[in-house]
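A.B. asks: The chain contents come next:
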Amino acid sequence: MGVNSYLAHAPGYVDNEGPKIVTGRFVHEDSHTLARSLATGGYDGLKRALEQSPTSIHDIVRDATLLGRGGAGFPAGVKWGFCPPGVWPRYLVVNGDESEPGTYKDRLLMQRDPHQLIEGSLIACYALGLSQCFLYVRGEMALAQERIAIALNEAYDAGLVGTNILGTDLSVDIVLHWGAGAYIVGEETALIESLEGNRGMPRLKPPFFPAAIGLYGKPTIVNNVETLANLPWIINNGAAAYKAFGSETSPGTRMFAVSGHVKRPGVYEVEHGTTTFRELLYGDNYCQGIRAGHELKMFIPGGGSAPWFFPEQLDLPLEARPVGAAGSMLGSGAIVVMDETTDAVKACLRVVRFFARESCGKCTPCREGTSWEETILQRIHDGLGRPGDIDMLLDIADNISPGPYPTAADEANGLDAVPFPPKQTTICPLGPSSVAPITSAIRRFRHEFEAKITARELIPVEATGP
Amino acid sequence: MSRLSPENVTIAEEIIARYPRPKSALIPLLHLAQEQDGHVADDAMTHVAELVGVTPAEVLGTCSFYEMFKRHEVGTYVVNVCTNISCQLLGGEELLHHAETVLGVKAGGTTDDGLFTIEDVECIAACTEAPCLQVNYRYRYHVTNDDFDQLVDDLRAGRATDVPEHGVLATVRQRIAGDRLAGVVPPEVATEAPVWLPDPAEERAR
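One line per chain: the protein sequences are F and U, in this order. Heads up: the first sequence runs through residues 0 to 465, numbered per numbering that gives the first Met the number 0. Heads up: the second sequence runs through residues 0 to 205, numbered per numbering that gives the first Met the number 0.
Incorrect hints may appear among the rest.
Pairs of lysine-lysine residues, derived as DSBU-like cross-links and limited to a Cα-Cα distance of at most 30 Å, are as follows [said to hold, decoys possible]:
1) U:Lys22 x F:Lys204
2) F:Lys204 x F:Lys422
3) U:Lys105 x U:Lys69
4) U:Lys22 x F:Lys361
5) F:Lys451 x U:Lys105
6) F:Lys19 x F:Lys46
7) F:Lys262 x F:Lys361
8) F:Lys345 x U:Lys22
9) F:Lys46 x F:Lys262
10) F:Lys242 x F:Lys345
11) F:Lys361 x U:Lys69
12) F:Lys451 x F:Lys345
13) F:Lys361 x F:Lys345
14) F:Lys361 x F:Lys451
15) F:Lys361 x F:Lys204
Simulated from the structure, these hints should not be mistaken for laboratory data.
Looking at chain F on its own, in the form it has when it is part of the complex (with noise of 0.2 Å):
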């Protein structure tokens, strides 16, 4: 149980009361030290993992229904079972490479409990006989790349990582790898080819995703941080333990960054699945709602790339599957709050503009798209749109992502709700991203588009002369 305040040795992390499953050793200021892992059952989950068949293991994390943190929510265990049979060898490259805007749950993972997470990626390795191990972490990220690497050094040193891991069988190196500033290498085939030595730019798939021809062309496993740090618990507790949290469909806990006009901006762990939205803006245990005088305009549910939620989404729980239904995407955890002072067209653009900088190119919707999409955006704040600009922007994003797009239902204007996902007219879904913020703000508020525009026909045009 908490304390319900900020840790000063970790700044944006409130210890609220609830389970704590991954950040249960935040409280201690060195809880990035080997000592201070092993004093508090670190590498515990491991000796127990080993002590049981790698099968065993598999079962376990696919009965515990471990979702993937990363975004897109697939259940951990289920694309472990997707490495092809008698294909050697394997690897697992732990995804660390967060860069999407809000989020920021496996950068504390990383700097403050970086034992956690070693273990469980070789809890991962044991269980599916993945034969290498490669840690790539966001090349923004000094402090978490410094403590990963102090880390590894001590754990190779103390027999925990290397050759015959704890005098088993067991052999995995694990190396650790920066990336240098890309947002799209956060993408797993993007990552595989970034860790090729090559410009992260995403593979095709289907028909062949990376557990069937990775790295090198080898199977391979992506993990998350998150996912990946949920491992030594679920060993330590068992699955049934596990699922005891949360609701049936999204059990155990989740990271989430809230961030934005609340009172008390932070991240926060928590009971995945039956916290809602409302709960976690305004409870007294997380954020304490919207800052003083001020009143809830829209949300971000799920990081840049999700479409937006309204007031009258609040009541909704923080599971995937009714927030897809709804028209959204928990994503990455990272809830952005807006009040009612924020310039829907600006708070627009500046998303539009993060897609814009960081699409990598390869397709044509996605490279033309998000810059037109970002130019026009940009004149309509500037105050020269042009009457047709609302419909230009609509057809744009229509190329990207054909047909309806996600968006919440609107009952004032008598809009239903479009389920998540988009499609796409591109390999990957950043280019259908940049459509989110484009769709949530001109259904609901078209008019701030247009006052914008009409203002501008309104400027007098003084002769100018001779």
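The hints should help you fit chain U onto chain F, whose structure is shown.
C.D. replies: Chain U in isolation, oriented as in the chain F frame:
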């Protein structure tokens, strides 16, 4: 404008040896080159190409994709001000404007004394601490205009001891002692299941 120093070549060879294919070491080696010179010099790229066995054009191809690699000289301190959505809501753009005014250069520019480069960057994963910035990838949270002025003074006076020169990321490197090394597993060679899997037949049956 230099090739890697002999000490860095030793480090580079250690890094290359950790990967099943040398080209995988390309990004780590470009970081090493940037750590040495503050930016990635042309000669360093050619040298990296020799070390990993690809053409200089391939190294440039990878290098130019990634935003952190600077192929020209930048300031000793690269100040990255986040203006993405969470920071924008709480004054990130105003902070960037203040930084530009104080230092007298626009985002992307470097001050005449070669000390500061300002960048307008995307989300740096400290959204609850907005507005935030990084100096050579070291965080500063809840930055006010006064905080920024103080930071500039501190950097000029050499008082910000947690901030290394541009190019240095982690100050500790991973090292693997020879007797602890499990060994790289090249994709072409290992065709058998790893030894800790008790029964490959059982695995195949699944």
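A.B. asks: Compare the structure with each hint and give your call.
C.D. replies: Comparing the hints with the structure gives:
1. U:Lys22 x F:Lys204: holds (23 Å)
2. F:Lys204 x F:Lys422: holds (14 Å)
3. U:Lys105 x U:Lys69: At roughly 17 Å apart (the allowed maximum being 30 Å), U:Lys69 and U:Lys105 satisfy the hint.
4. U:Lys22 x F:Lys361: Holds. U:Lys22 to F:Lys361 sits at ~21 Å (cutoff 30 Å).
5. F:Lys451 x U:Lys105: Given pair F:Lys451, U:Lys105 holds - Cα atoms ~27 Å apart, limit 30 Å.
6. F:Lys19 x F:Lys46: Judged against 30 Å, a Cα distance of about 21 Å means the pair holds.
7. F:Lys262 x F:Lys361: Measuring from Cα to Cα gives roughly 41 Å; hence the hint is violated.
8. F:Lys345 x U:Lys22: violated (42 Å)
9. F:Lys46 x F:Lys262: Since the Cα atoms of F:Lys46 and F:Lys262 sit roughly 42 Å apart, the hinted pair is violated (cutoff 30 Å).
10. F:Lys242 x F:Lys345: violated (42 Å)
11. F:Lys361 x U:Lys69: Cα-Cα ~22 Å, so holds.
12. F:Lys451 x F:Lys345: holds (11 Å)
13. F:Lys361 x F:Lys345: Since the Cα atoms of F:Lys361 and F:Lys345 sit roughly 27 Å apart, the hinted pair holds (cutoff 30 Å).
14. F:Lys361 x F:Lys451: violated (33 Å)
15. F:Lys361 x F:Lys204: The given pair, whose Cα atoms are some 14 Å apart, holds under the 30 Å limit.
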